[in-house]
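Trainee: Sequence:
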Amino acid sequence: MMKANRTTAYLLLGLICCSLFSRSCANTTTPPGGGPKDTIPPVLVKVTPQQYATGFPLTGGKVTLQFDEYTVIKTATDIFLSPPVKKKPLSQVRGKGIVVTMQDTLLPDRTYTIDFGQALADNNEGNLAPRYVYTFSTGEVIDSMYFTGNIVDCQTLNPVPKMLVAAYTDLSDSACFNVFPDAASRTDDWGFFSLRNIKPAAYRIIAFTDEDGDSKYNPDADNVAFLDTLFTPTAVVNDSIYELQSFNMKDTLKCNERKPMVTLSAFKELQSIQYLQNYGRLDEKFGFLKFSAANVDIRSLEFYGIDSSEVLLQYNPSRDSLNFWITSRYKLDDSLLVRVGYMKTDSTGVLVESSEAVSMAMPTDTNILKKIKEHEKDTTFTIKATSSNETVEQEGIILESESPIMEFVLDSLTFIETNPKNQTEQRPVIFNRDTAEIRRFIIRPDCKLQVGYDYKLNIPQGTFVNMYGLPNAKQEIKIALPNDENLSSLTLNVTGVDMRYIVELVNEKMDQTLRKFTIDSDGALFCPYLKEGKYGIRITQDLNGNGIFDVGNLLERRQPEKVKVFIFENGEKLLELLERTELEQDINLTDLFR
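Mapping of the sequence shown onto my numbering: position 292 corresponds to residue 292, and the numbering continues sequentially without gaps.
Because the hints were derived from the structure by calculation, they are not lab data. Keep in mind that a hint or two might mislead.
To be verified - In silico DSSO-like pairs for lysine-lysine, Cα to Cα no more than 27 angstroms straight-line:
#: 1; residue 1: Lys199; residue 2: Lys384
#: 2; residue 1: Lys254; residue 2: Lys531
#: 3; residue 1: Lys259; residue 2: Lys564
#: 4; residue 1: Lys216; residue 2: Lys268
#: 5; residue 1: Lys478; residue 2: Lys509
#: 6; residue 1: Lys74; residue 2: Lys216
#: 7; residue 1: Lys531; residue 2: Lys478
Please model the complete structure; the sequences and the hints are all you need to start from.
Mentor: Put into structure tokens, the structure is as follows:
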């Protein structure tokens, strides 16, 4: 009897242990530790209605994308409907699906595309779903033409992402400001775009950054690019076309293998409506006139009670601002009356001659008044001196004054050379007043500078006298050529020069100019004292010869001045310069700008 009870107890204990063990094994609330990270993006398994559906409803239509796993909308703004509508579609997550609901009335007999871009990703690891473009029609026909291109910044030539590319069959100049495009797309990370499933019609192509998201061009806020001529597509959409496939934006090689049909240059337009925007005085005898647009045409300028011979004028480089100084030794009135006659834009957009009288009171800003009080105590003024050891041979020493210089005595300037034996000798210099800036002077050594020698420009007090009758304070500017044996040099042998060009040696990111030359004939451009690194060569056609880069104008159909980056023999835009290297590079501008 006792044996049977003991056997029964053992059986019960075994059942309890098995129960506890099985319960532990069946616990699904605790995730297993370790395991590989999920790197597989969501897979699209079904689309409703099916791709290339026709007869899509004009109001309230829905598109559902079903995936093999839970998928989220990572960036809703990347979901883009073409042609655009005023009220954008609503995108929502429903289980493993994404539902897009139309919130605006669609046009009849029109082909639409929904580009999902990089908007969708899996719920766990954020793996991006491959780009998918869904096409449907509210009519019975699916349009089948396409058009590709890329957009680059007009100066850096870097790709411009997220730019809206719009195609219009309305060929009027006002279309991009007032109506939605007939088809649109956005540039990807590489500035590449494709307008797909469009009608075979003549289109005007305009791209803009669309800062306010209304699918209309706003010149005050947006950058713009445009195609010079009308474009009629002839290529037909096909799944095998490389440029229309889905690409991983991190795959540089594959993305760069796409062949655009056109390349557009993006720029920020200068204001074209001309009017007197602002004016004022910055001290008793110094003031400004600020205009809304560049290249103001001033026909007359009168300062009441002041002789014109006592007024100095200075435009800024873009000629949208005019500074003036009144050189009279007499104290001026607190209110200065000025009448300016200039070409102003009227209500119809036409430039007409206009005359405006403005009264300029003495400044009331406390910081300006404080500065004026400090200057009233001055017995001398300081000239700002700018020089670089690396570029002094090319650019010289720049001297700048806050106010115009009325008198100067060049004989008092001395340029002293000191050799390694501490022996000194005076060397000649060339002295020029900058024709573009009346407050700037350029002093260049008129001798061969030598490495290991020290140089000093002495500017005695009284060499310059400004418009307030003050002499300059004594100054010494020291320079010495770089004495690093590891530095290198690059000589650019430029040929095929048929107009004025701006040639720049730039850094690896092409956002900093290290050397700049303005040329109008063939020649050798020497760039010494360069550190080991990567360099690019950027060249601009200076069409108007003003020495600066000029942007374009959409309504005038004027493109920005053409910029090219030189491509080296290895097919790269950058030259890798090693230490202690002297390189020469031939550049034929006729070939480059062909």
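Trainee: Determine for every hint whether it applies to the structure shown.
Mentor: Cross-check of the supplied hints:
At most 27 angstroms may separate the alpha-carbon atoms for a hinted pair to count; Lys199 and Lys384 exceed this at roughly 62 angstroms. Between Lys254 and Lys531 the alpha-carbon distance is near 33 angstroms, which puts this suggested pair outside the 27 angstroms criterion. Distance hint between Lys259 and Lys564 is fulfilled; the C-alpha atoms sit about 19 angstroms from each other, no more than 27 angstroms. Straight-line distance between C-alpha atoms of Lys216 and Lys268 comes to about 15 angstroms, which keeps the hinted pair within the 27 angstroms bound.
Taking the CA atoms of Lys478 and Lys509, the gap is near 31 angstroms; set against the 27 angstroms cutoff, the hint is violated. Between the alpha carbons of Lys74 and Lys216 the distance comes to roughly 25 angstroms, so the proposed pair stays at or under 27 angstroms and holds. Only pairs whose Cα atoms come within 27 angstroms are accepted, and Lys531 paired with Lys478 is accepted, the gap being roughly 22 angstroms.
Going through the hint list in order, the structure does not satisfy hints 1, 2, 5.
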